[in-house]
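**Q** Residue-level listing of the chains:
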Amino acid sequence: MRPRIIAVLSLAILAAGLVALGADPLSDAYAGKLKGTVVTMSGPFTDNDAVKFNESVREFEARTGIDIQYEGSKEFEASISIRINGGNPPDVVDFPQPGLLSNFVKTGKAIDLSKVLDMAKVKANYIQSWLDMGTMRGPQGPIVAGIWARVNVKGIVWYNKKAFDAAGYKVPGTWAQLTGLMNQIRKDGDAPWAIGIESGAATGWTATDWTEQMMLRTTSLANYDKWVAGQLKFDSPEVRRAIQQWSQIWFGEGNVYGGRAAVATTSFGDAPKVLFEDPPKAWLHDQGNFIVSFFPDGLIPGEDFDFFNLPAVNSTYGAPLLVAGDIYAMFRDRPEVRAVMQYFTSAESLKTWVQSGGALAPQKDARLEWYTNPIDRRLGELLKNAKAVRFDGSDLMPGAVGAGSFWKEMTAYVSGTHTLDQAVKAIDASWPK
Amino acid sequence: MEKPRRGLAVLGFSLLLLLSAAVLYGGFALLRSLSGSKIPAALLAVVWGIGSVVLLYYVLNRGAEMLPRRARRYLLPLVFAGPALALLFWFLVLPTLRTLWLAFFDETSTRFLFLRNFRFAFTDPIMLEGFRNNLLWMVFGTLFCVGLGLVIAVLADRSRWEKLYKAVIFMPMAISFVGAGVIWKFVYSYKGEAAGLQEIGLLNAVAVALGGRAQPWLLLGGWNNLLLIAIMVWLQTGYAMVILSSAIKAVPKELLEAARMDGAGELRIFTGVTIPSIRGTLLTVTTTIVIFSLKLFDIVRVMTGGNWGTNVIANEFYMQQFTYGQTGRASAIAIVLLLAVIPVMVYNLRRFGESRAFK
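Chains A and B are the protein sequences, given in the same order. What the first sequence shows, in numbering that gives the first Met the number 0, is residues 0 to 432, in sequence order. What the second sequence shows, in numbering that gives the first Met the number 0, is residues 0 to 358, in sequence order.
Pairs of lysine-lysine, DSS-like flavour, derived with a Cα cap of 27 Å: (1) A:K51 - B:K37; (2) A:K225 - A:K383; (3) A:K363 - A:K386; (4) A:K73 - B:K184; (5) A:K186 - A:K160; (6) B:K294 - A:K73; (7) A:K280 - B:K184; (8) A:K350 - A:K363; (9) A:K34 - B:K37; (10) A:K32 - B:K37; (11) A:K350 - A:K34; (12) A:K73 - B:K37; (13) B:K184 - A:K272; (14) A:K51 - A:K363.
Simulated from the structure, these hints should not be mistaken for laboratory data.
Make the full structure from the sequences, and use the hints.
**A** Right, here's the structure in full:
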């Protein structure tokens, strides 16, 4: 009797397992059933990023015979609207700004991933913050609109480690220590900070990143979320305080290399270069981890340069991490597209990119030993151990604010064309109703 | 004998018509199925595209020629101009009408807003700034382009080195607006003030050499617009100069001689004889540049992105549509821009009509 029960039970378990396996779109792909199919993808990866993306999916393509064709464009934001609204979307779209994706979710263009992917696996592989940030409101209620792939950490402070150590400066752990360090650098005759916000038509975004960092450090996470959702106005004591917090650094006499007017005319990519002149003209640069590719060639990560998280201003709020990243959404439903999307939810899809540097994986199955340089490993660790993570607020706001008035008004404020009062009121007025 | 031959011809033509329809549609279907393999698709597109245009004209022409003489008179022009007109209708008229339609709706193109987008287009501070700046571009840009073009054309006309002068002035015409933006970014570059800081901008080099201080040129309210207009002048003066120069050369020598005999001075001849004689060309050049400055976009986009009070209508249109996703507002702005250009266009076409360019 017993052996039979065991047999029946194990059969049942096997059957359940098979059913579950059937739900995973990847199994068919790995069994070679989707060989010869093509999945088209659009996004902003060009040049080096495109090479690294293709490198990272090569093994999957070889194993399954699915060809992932990634079409990268620098005018991605403009062209994707035309393709999607014109009824000719690629299978998968890679959005660097979730705000843009939410526009298409609102009009019902994106596919609800919870209906097509093995969600148990997806949920097990991301921390809740990422899942929350991938859920958006469609015409029939909230849907899982996208999954997070390559992410990066924003708002960390970079410094020239060799020169920094030689000058006897210490990495500040508190806001008071940071202020002390700034005073010391000024006394030594240099500018503490290198800051540039010029970025062509996107000029001003660096200032919005600083605003977000200060929001996270001077008020609660709940207030940050309300602000991003448009419920807390820019013209509120909280947001004004956050902007003033960075203004003290930016506008203080001798604090920024080149002075206030140069902040608006210096390209964000050129700004950190003065850190690596001999001797350095400025010592600190606050920017996302992607900025490393703008550093002069031949610098060794961890030896020539290093980073620290911008210290907490107020111990109540701490120093939550500000992140950004690419969210992949699905616009056409075919078995091979499902398989590719499922594959993107595993860190495996980013492995070679992580190994060659320039990407952090948000998935739980990412392994710290993949990170080959000490900076990336520490960033990966920072991301994995973070108590609170918040997404770049301007990327979540409606485009008219997050890629429009917020940039423009911060630029006008920094260059002195608008007062803080005028700037925050103008941003509030531009928020779509 | 006449009748059966005619029947045969009609039959042959019908077959030809069927065949060409098959080629047209078959090529289209084949092209669509080839979307995965790019090189064969591109080759096919070239061969099929050009081939079917030739085929279409040949077949239609053949058909029209078979018709009685009277019908032919009316149909033949249609055969040749028809496809172009149809395409124009499809790609120009329909989109314009659709833009007008969308201008009355919200950003999802579903909720009817009536004139709210137009109210935005005429009252929002950023739009008013755009109108002001476009007016600046129109007045100063056109004035300097045409004025300088005319002066240079007249002066070069009397110089031994005319060809050299004209070539140098004309050369920037070959540079795209975006390319010019990159070049002029270096001219206006500003690095800031700090110990040991080296300015690399041409204009700041001049300012410092003359004993002044380096300036963040593109941030200077009021001046920055004129500095941007200078770029268009640099690019477009050559165009005005070349056209005006050829008109000046066409002024009859006898007329100038006669004026001289009557004792007119050079200045008097210029204002009294040359200008009236080239009036038509002058107006054409002016209206062309006016239209140019009304739809100006590239320079502002590349140099300032519309910051620091330099926004123009075309840039705001682009931002609304492609960055903010505000289709309704963007459509309203596009319609406003179209309405602004139309009077100039109509005037220009009328002049073309007068000079029988269309007859």
